[in-house]
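Sequences are here, hints too, so could you generate the full structure?
Read off the chains here:
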Amino acid sequence: MDSVIHTWNLAKSYRGRPALRGIDLAVPRNVVFGYLGPNGAGKTTTIRLLAGLIRPTAGHAEIFGLDVVHEREQAQCRIGYLPGEFVAYPDLTGQQYLRYLAHLRGGVDWSLVERIAKRLDLDLSVRYGAMSHGNRQKIGIAQAFMHRPDLLILDESTAGLDPLIQREFLGMVRDARDDGRTVFLSSHILYEVEAVADIVAILRHGQLVVVESVDKLKTQAVRRIDLTFEGAPPLGELREVPAVRDIRLSGSTAHLVVEGSTAQLFAVAAPHRIAQVVTHEPDLEEIFMAYYGQEAQP
Amino acid sequence: MLRSVFRKSLRDQRRALVGWSIGIVLLILLEAALWPSIRDMPDLSQFLQSYPESMRKLFNLEDFGTGTGFLNAELFSAMLPILFIVFAIGRGARSVAGEEEAGTLDVLLMTRVSPVRLVLQQAAALATAVFALGTVLFAAVLACSAAFGLGIGAADLAGGALAMVLLGLEFGWLALAVGAATGRRALAIGVASAAAVAAYVLYVAGQLVDAVKPWQPLSPFQQALDGGPLGAGLPAAYGWMPLAGAVVVALVLPVFNGRDIAAH
Numbered sequence: 062m063d064s065v066i067h068t069w070n071l072a073k074s075y076r077g078r079p080a081l082r083g084i085d086l087a088v089p090r091n092v093v094f095g096y097l098g099p100n101g102a103g104k105t106t107t108i109r110l111l112a113g114l115i116r117p118t119a120g121h122a123e124i125f126g127l128d129v130v131h132e133r134e135q136a137q138c139r140i141g142y143l144p145g146e147f148v149a150y151p152d153l154t155g156q157q158y159l160r161y162l163a164h165l166r167g168g169v170d171w172s173l174v175e176r177i178a179k180r181l182d183l184d185l186s187v188r189y190g191a192m193s194h195g196n197r198q199k200i201g202i203a204q205a206f207m208h209r210p211d212l213l214i215l216d217e218s219t220a221g222l223d224p225l226i227q228r229e230f231l232g233m234v235r236d237a238r239d240d241g242r243t244v245f246l247s248s249h250i251l252y253e254v255e256a257v258a259d260i261v262a263i264l265r266h267g268q269l270v271v272v273e274s275v276d277k278l279k280t281q282a283v284r285r286i287d288l289t290f291e292g293a294p295p296l297g298e299l300r301e302v303p304a305v306r307d308i309r310l311s312g313s314t315a316h317l318v319v320e321g322s323t324a325q326l327f328a329v330a331a332p333h334r335i336a337q338v339v340t341h342e343p344d345l346e347e348i349f350m351a352y353y354g355q356e357a358q359p
Numbered sequence: 723m724l725r726s727v728f729r730k731s732l733r734d735q736r737r738a739l740v741g742w743s744i745g746i747v748l749l750i751l752l753e754a755a756l757w758p759s760i761r762d763m764p765d766l767s768q769f770l771q772s773y774p775e776s777m778r779k780l781f782n783l784e785d786f787g788t789g790t791g792f793l794n795a796e797l798f799s800a801m802l803p804i805l806f807i808v809f810a811i812g813r814g815a816r817s818v819a820g821e822e823e824a825g826t827l828d829v830l831l832m833t834r835v836s837p838v839r840l841v842l843q844q845a846a847a848l849a850t851a852v853f854a855l856g857t858v859l860f861a862a863v864l865a866c867s868a869a870f871g872l873g874i875g876a877a878d879l880a881g882g883a884l885a886m887v888l889l890g891l892e893f894g895w896l897a898l899a900v901g902a903a904t905g906r907r908a909l910a911i912g913v914a915s916a917a918a919v920a921a922y923v924l925y926v927a928g929q930l931v932d933a934v935k936p937w938q939p940l941s942p943f944q945q946a947l948d949g950g951p952l953g954a955g956l957p958a959a960y961g962w963m964p965l966a967g968a969v970v971v972a973l974v975l976p977v978f979n980g981r982d983i984a985a986h
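Those protein sequence lines, which keep their order, are chains A and B. Residue 186 in the working numbering sits at position 125 of the first sequence; the count goes up by one each step and never skips. Residue 869 in the working numbering sits at position 147 of the second sequence; the count goes up by one each step and never skips.
Hints listed in this document are in silico derivations from the structure and should not be mistaken for laboratory results. There could be a bad hint or two in this list.
Reference excerpt, derived from the structure (chain B facing chain A, CB under 7 Å, subset only) [claimed, not checked]:
| hint | residue |
| --- | --- |
| 1 | L724 |
| 2 | R725 |
| 3 | E823 |
| 4 | T833 |
| 5 | G875 |
A quick note: this is a predicted structure, and the numbers were derived from the prediction, not measured. C-beta atoms are modelled at their ideal positions from N, C-alpha and C, and glycine is treated no differently.
Pasting the structure below:
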């Protein structure tokens, strides 16, 4: 069993309106899988299908080899799930709510819950109804992690968290992976996925646009490089380099857009006495836009 | 401790149950306190004769001169059935559809609680709550009967209270089932209330119109109120009410198990 999550042509329509148009996913064990897309792309639909809360219109999905429709209960026991819009009971304290879920799940080590609460700086004695949005979200995170599930499915998990807590949360995600577990993390915010994900999938209009390792995406990516020369930049020679997509001059600095390897570029530029090199690390945002751009222009 | 959906559901109902209990006790106290002056009215039977015949039939006013007949007419024929039905429908609609609309159902179903277990535990919790309210009714009438000399026996009273419980429970389970099938609380309340009104209309029509009489036993109100309910003993017809409610709940289990849970 290589894949923790496996889908075959998984599709879902709501009253005839397609939300997910047949996706084939294979999420390997022990990775953080970033599931990206703008709002309305079908992220939450995918996640609710995987969680067994809704039924596919076509295709099927397995989690740990368990069919999410016919073996739903067994599959659900192995998942820690954070809904996109997590809600708990307003009249229960964090402690009462998490104890309730611990009883319903069985086999929860309460000291782990306390460690999670401490790590997220969460006071469990407060009623959920009286909590801030950020603290409510922490309750949601705690309930997803509390039973040490083999697979975490987290939908827009950092919504409402302040940056410090966000970092702790991303640390928990990394720890889960280092522990041999698998994390399926959906988001429309790229940098948070970029920080932890090993593989990303980009979803658009209910279809997968790309599934790729983050490292590979970055090496394929278009990056921006600023070269400052001691003399006048050798504009003509730089233009000849195939990897250079675009070039702009400002004084003695050439602002270049480069795709792929930069080896030839530097071989050409070096004899002209480079005073300074500034490279801008490509972030997923640019990659994301590049994929969307391609899609947008038929 | 909240160890199960059943216990959590009972905990959620505790305030409502206390409030409804107080209301029912006060209502009974008020009616019972009226009894001594009604009983001592010198021309009671003449007064009752002046009511239209249909009213006398509907509320069984011939027996109004006894404590049992008095409470049957005043409370057990309309007021208490309605109160028990309203309580049960409200709780039933809330128990599954309410959770789904609030958005708390998602996480609940990810535990070992399956949709089927959820509905069954909620149905059991609803039954427990309605029985608890019935016990309050029983105790209150027994105490007031002793205090104001209504002379109602414990066995008669137990039958009457049970009729209220079972009548409420049938429509409460119906509301729970509609809520589980659709995920919509307002719809659950609407359907169950409409069914209760229809059942009441059938009961009243059967009482007043001979042509409808053969259909009257189909009405849960007829099953609950025929010949009493105080003093009717323990009619076999009582069995239809929980049976019909249980059948509706059972029918809805595969529907709830197979349908999409609405995203919040």
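Hint check results:
With 7 Å as the threshold, the beta carbon of L724 of chain B comes within range of chain A, its nearest partner Cβ sitting at about 4 Å, so the hint holds. With a cut of 7 Å, the hint placing R725 of chain B at the interface with chain A holds, because the nearest CB-to-CB distance is about 5 Å. Given the 7 Å rule on beta carbons, the hint for E823 of chain B is violated: about 10 Å separates it from the nearest Cβ of chain A. The interface hint given for T833 of chain B is met, as the beta carbon of that residue sits about 4 Å from the closest beta carbon of chain A, less than 7 Å.
With a least beta-carbon distance of about 42 Å to chain A, the hint placing G875 of chain B at the interface is violated under the 7 Å criterion.
Checked against the numbered hints given earlier, the structure breaks hints 3, 5 and satisfies all the rest.
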